[in-house]
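Make the full structure from the sequences, and use the hints.
In case you want the letters, here they are:
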Amino acid sequence: MKTALTIAADVQSGASSATAELERTLGVIAARNEELNVFLHVDHDGARAMAEAVDAAIARGESVGPLAGVPIAIKDNLCQRGIPTTCSSKILEGWRPPYSATVLDRLVAAGAVPVGKTNLDEFAMGSSTENSAFGPTRNPLDPSRVPGGSSGGSAAAVAADMTSISLGSDTGGSIRQPAALCGIVGIKPTYGLVSRYGLIAFSSSLDQIGPFSSTVADSALLLEVIAGHDPLDSTSLPEPSPSLLAHVNDGVAGKRIGLVKELYEGSSPAVLAAVHAAAEALREAGATIVELSIPELRLGLSAYYLIAPAEASSNLARYDGVRFGRRVDGEDVTAMMEATRTAGFGAEVKRRIMLGTYALSAGYYDAYYGQALKVRTLTINAFAKAYEQVDLILGATTPDVAFAFGEKAADPMAMYLNDVFTIPTNLAGDPALSLPFGKGDHNLPIGVQLLGPGRSEAQLIAAARVLEIADGRA
Amino acid sequence: MSVLPDGWEMVVGLEVHTELLTKSKLFCGCENHFGSEPNTNVCPICLGLPGSLPVLNEHAVELAMRIGMALHCTIAPSTFHRKNYFYPDQSKDYQISQYDLPINAEGYLDLPDGSRVRIERAHMEEDTGKTTHLGGSGRLAGADRSLVDYNRCGVPLVEIVSAPDIRSSAQARAYAAELRGILIATGASDGRMEEGSMRIDANVSVRRPGAPFGTRCEIKNLNSLRSLQRAIDHEALRQIELLEEGGTVRQETRHWDEDMGETSTLRVKEDAEDYRYFRDPDLVDLAPSEAWQAEVRTAMGAMPAERRRDLEARLGSPTDAQRDAVVVVIDLGLERFVHAAAEAGTDVAIALSRVANELAGEATLEKLSLDAFVKTVAMEQSGALSATQAKAVLGELITNGGDPVSVAAAKGYEQLSSDSLEATIDELIAANPDEWGRYRDGDDKLAGFFTGLVMKATSGKANGKAVVAVLQSRR
Chain A
1 MKTALTIAAD VQSGASSATA ELERTLGVIA ARNEELNVFL HVDHDGARAM AEAVDAAIAR
61 GESVGPLAGV PIAIKDNLCQ RGIPTTCSSK ILEGWRPPYS ATVLDRLVAA GAVPVGKTNL
121 DEFAMGSSTE NSAFGPTRNP LDPSRVPGGS SGGSAAAVAA DMTSISLGSD TGGSIRQPAA
181 LCGIVGIKPT YGLVSRYGLI AFSSSLDQIG PFSSTVADSA LLLEVIAGHD PLDSTSLPEP
241 SPSLLAHVND GVAGKRIGLV KELYEGSSPA VLAAVHAAAE ALREAGATIV ELSIPELRLG
301 LSAYYLIAPA EASSNLARYD GVRFGRRVDG EDVTAMMEAT RTAGFGAEVK RRIMLGTYAL
361 SAGYYDAYYG QALKVRTLTI NAFAKAYEQV DLILGATTPD VAFAFGEKAA DPMAMYLNDV
421 FTIPTNLAGD PALSLPFGKG DHNLPIGVQL LGPGRSEAQL IAAARVLEIA DGRA
Chain B
1 MSVLPDGWEM VVGLEVHTEL LTKSKLFCGC ENHFGSEPNT NVCPICLGLP GSLPVLNEHA
61 VELAMRIGMA LHCTIAPSTF HRKNYFYPDQ SKDYQISQYD LPINAEGYLD LPDGSRVRIE
121 RAHMEEDTGK TTHLGGSGRL AGADRSLVDY NRCGVPLVEI VSAPDIRSSA QARAYAAELR
181 GILIATGASD GRMEEGSMRI DANVSVRRPG APFGTRCEIK NLNSLRSLQR AIDHEALRQI
241 ELLEEGGTVR QETRHWDEDM GETSTLRVKE DAEDYRYFRD PDLVDLAPSE AWQAEVRTAM
301 GAMPAERRRD LEARLGSPTD AQRDAVVVVI DLGLERFVHA AAEAGTDVAI ALSRVANELA
361 GEATLEKLSL DAFVKTVAME QSGALSATQA KAVLGELITN GGDPVSVAAA KGYEQLSSDS
421 LEATIDELIA ANPDEWGRYR DGDDKLAGFF TGLVMKATSG KANGKAVVAV LQSRR
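So the protein sequences, as listed, match chains A and B.
When the letters of the first sequence are read in order and numbered with the working numbering, they come out as residues 1 to 474.
When the letters of the second sequence are read in order and numbered with the working numbering, they come out as residues 1 to 475.
Keep in mind the hints are simulated off the structure, nothing from the lab.
Some clues are possibly wrong.
[Stated by the list, open to error] Only pairs whose alpha carbons sit at most 35 angstroms apart, straight line, appear in this in silico DSBU-like list of lysine-lysine:
{"#": "1", "chain 1": "A", "residue 1": "Lys385", "chain 2": "A", "residue 2": "Lys261"}
{"#": "2", "chain 1": "B", "residue 1": "Lys411", "chain 2": "B", "residue 2": "Lys465"}
{"#": "3", "chain 1": "A", "residue 1": "Lys255", "chain 2": "A", "residue 2": "Lys374"}
{"#": "4", "chain 1": "B", "residue 1": "Lys220", "chain 2": "B", "residue 2": "Lys23"}
{"#": "5", "chain 1": "B", "residue 1": "Lys367", "chain 2": "B", "residue 2": "Lys445"}
{"#": "6", "chain 1": "B", "residue 1": "Lys367", "chain 2": "B", "residue 2": "Lys411"}
{"#": "7", "chain 1": "B", "residue 1": "Lys83", "chain 2": "B", "residue 2": "Lys269"}
{"#": "8", "chain 1": "B", "residue 1": "Lys269", "chain 2": "B", "residue 2": "Lys220"}
{"#": "9", "chain 1": "B", "residue 1": "Lys83", "chain 2": "B", "residue 2": "Lys220"}
{"#": "10", "chain 1": "B", "residue 1": "Lys83", "chain 2": "A", "residue 2": "Lys90"}
{"#": "11", "chain 1": "B", "residue 1": "Lys83", "chain 2": "A", "residue 2": "Lys374"}
{"#": "12", "chain 1": "A", "residue 1": "Lys374", "chain 2": "B", "residue 2": "Lys130"}
{"#": "13", "chain 1": "A", "residue 1": "Lys350", "chain 2": "B", "residue 2": "Lys269"}
{"#": "14", "chain 1": "B", "residue 1": "Lys23", "chain 2": "B", "residue 2": "Lys367"}
{"#": "15", "chain 1": "A", "residue 1": "Lys90", "chain 2": "B", "residue 2": "Lys130"}
{"#": "16", "chain 1": "A", "residue 1": "Lys408", "chain 2": "A", "residue 2": "Lys350"}
{"#": "17", "chain 1": "B", "residue 1": "Lys367", "chain 2": "A", "residue 2": "Lys350"}
{"#": "18", "chain 1": "B", "residue 1": "Lys83", "chain 2": "A", "residue 2": "Lys350"}
Structural data, given as structure tokens:
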């Protein structure tokens, strides 16, 4: 496996070229995509043109960006001008956005080469990529198992060494959970750190775009490139992109790290062992481990499954067949809208639209959505209180390793519970990172999760690097 | 002067939607322009394309604040909500509006008759596109095809909601007219009702005076002052008839048919949609700083009520007719002519009358200089021009410009000599002995009769005041 940092260095030094790196990527995709169903669309021509442009710029002696010639996979809920963007939904089949997401513009400006769009649970609703209208993605480490979700395709692209880095989005764990199940690094940044402009909304107050990579340093680099204020997103933080890569080797000496019971309880024995081993590794690197309980976090899952569907019910109203995407004719406009939405959305999306519509309805708002907002405030306050005592928090990313196809698909609650450790961070708007640490059943990777207060990405990355070394992946 | 039968009172509240005169739309950079080719002023944001996000237009906020300030509202920290309902002319199938926390809260509007109507709120929201249904009844249900133009989608609106303080259709009309004047004076809107820049919904109920409020009906989309007044009267009478027959008023939304002169049911309350309002997570809270508010307040010109007071002060103690003329002059923004005349020391009453009557109906006054207007008034005042001549001179100045002295000369308006005026008057006295006798016996009304004859005989060249003076001297 070649990291993004190495690819960019080789391309810039002339040891390799953007075109050569791209052809290698396209070769792996050609070899494995049929089996794994990672990419829904590969933009061969566009990517080749971009790679050639990078090589030409280098040949002219121009300065190129920090991701010069690095192929990257893009979750298919991010808009890229002229490229099919589906959200893995039949309702958007054939739609080509007339504009690009801010993160795509920033990637291209940094010299990266977007190679195609990856599979996801429809509209990012799911934890296994089984909810894709275009078939599930398989876990490259064990194709009988799920890669996690909703960013399963982007995680699998890195795990299968198709690309060194990829972009996902995380609303309740959709980057961290597949990173854990695929044995790679994934970051859910502070809400507002990365512009959401061009990210097709699932739950606007929770959605954040973030990086996947096999190494901590690559995620740091990729996050640096895509972060920073964007005037096109009103919820974008005002500050420019933070310096992250420079802090990778800062270590954890003197840091206080909370081991939070609610973020690992109920996990498999192997996951529990991994979390405690990670705590020990951090302690050995000079951190103080503080055992904590934050009972409010237990309420997070319930609150999330009211807030996210409520916002989704409104965000997904625009898929009505009038202006773009799929249209199924009806007797009049209303019938056309109904027929379009009935045919276009899958079962999980419909379930959440109904749940969210109900939660916002007159007479139920206070009991459901209103109550969930209060829990959200409780969660924010509980985290804030914890961060008065500790610098970072450690927990598990998921209760267990990658599960088999169909294992949880029939029972929505069992599936939802897979996100129990990741959801609270989204409610708080704080950053969190998942990285592989140790192995569990069937020799599958275990993900541990590091959490921090708003804008603590540099500290999270430094702590993750300590664990990466301790896990023998120097 | 109520059209209602004795023992009944109407209770009216108005919701006025006004489009703001911004260059771009409320949440994107598209041009805010009426009358462009359909679907040319659109972008991913106002078309609600997946992944697009709204960014609030600060100029729209400033105009909304100006409206609030002119209506004596409190400028409050506010939020944007989503009003969710499916309709093809709404690109996101929700409308971004303000709900429980509007930018402008609790103000009032004083009307020229001295009455006060309280303002509950004046909040910001985005306009929808326009749907045209082809075939069927012309409504959405049963149409063969529907065409949507999104040019208007996302245009900034302010909705001004009055308290139910209005008690007659005439007062409702005066409120709407006064509000329109304010919107124009603040620069927030062009107030063009015929282009939909200002649209009115009226909530109407009736009651026995002193009784609690009755059940109200909302009449949608009244787009002229005349429609507003007629629709309210019609609706109040409909409700009274219903109640007097022992029926009850059903809360509903009604449509006004201008041609038929009646309202009809659009939808009843039970069918009302649940809009599932919630805070729009794509937008941040709006809290204009004190400094920004002060800047906006300082930059605002005077509002119509203050300008009317200033103009009336020029007149001392105006008559009712003069007050009416002042309302017209302020509505049209023509008071500069009257003020100029006053400052030049000429007769304010003459100036006001000429502006309200001769200048008011003109499409453009670009060629009429303030100086030429003041000179014309001075010539009329001195008797150098009769009233009729002064009107003709103004007409010429409005059309072609120039100087009143040369215009008067070109028209041959040299003053009649007093000798020839007296001779003419004496002839007319001799020819009308009965009338002259009555005038001499004290019937002053006949002065007008003789003045008319003199004007006719002199082709309008005589000065009215001089004629009356001669008549007095012969009495």
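Against the structure, the hints:
| no. | hint | result |
| --- | --- | --- |
| 1 | Lys385(A) <-> Lys261(A) | 16 angstroms, holds |
| 2 | Lys411(B) <-> Lys465(B) | 21 angstroms, holds |
| 3 | Lys255(A) <-> Lys374(A) | 31 angstroms, holds |
| 4 | Lys220(B) <-> Lys23(B) | 28 angstroms, holds |
| 5 | Lys367(B) <-> Lys445(B) | 39 angstroms, violated |
| 6 | Lys367(B) <-> Lys411(B) | 19 angstroms, holds |
| 7 | Lys83(B) <-> Lys269(B) | 17 angstroms, holds |
| 8 | Lys269(B) <-> Lys220(B) | 14 angstroms, holds |
| 9 | Lys83(B) <-> Lys220(B) | 18 angstroms, holds |
| 10 | Lys83(B) <-> Lys90(A) | 27 angstroms, holds |
| 11 | Lys83(B) <-> Lys374(A) | 22 angstroms, holds |
| 12 | Lys374(A) <-> Lys130(B) | 39 angstroms, violated |
| 13 | Lys350(A) <-> Lys269(B) | 28 angstroms, holds |
| 14 | Lys23(B) <-> Lys367(B) | 29 angstroms, holds |
| 15 | Lys90(A) <-> Lys130(B) | 28 angstroms, holds |
| 16 | Lys408(A) <-> Lys350(A) | 18 angstroms, holds |
| 17 | Lys367(B) <-> Lys350(A) | 67 angstroms, violated |
| 18 | Lys83(B) <-> Lys350(A) | 20 angstroms, holds |
Hints 5, 12 and 17 from the earlier list are contradicted by this structure; the remaining hints agree with it.
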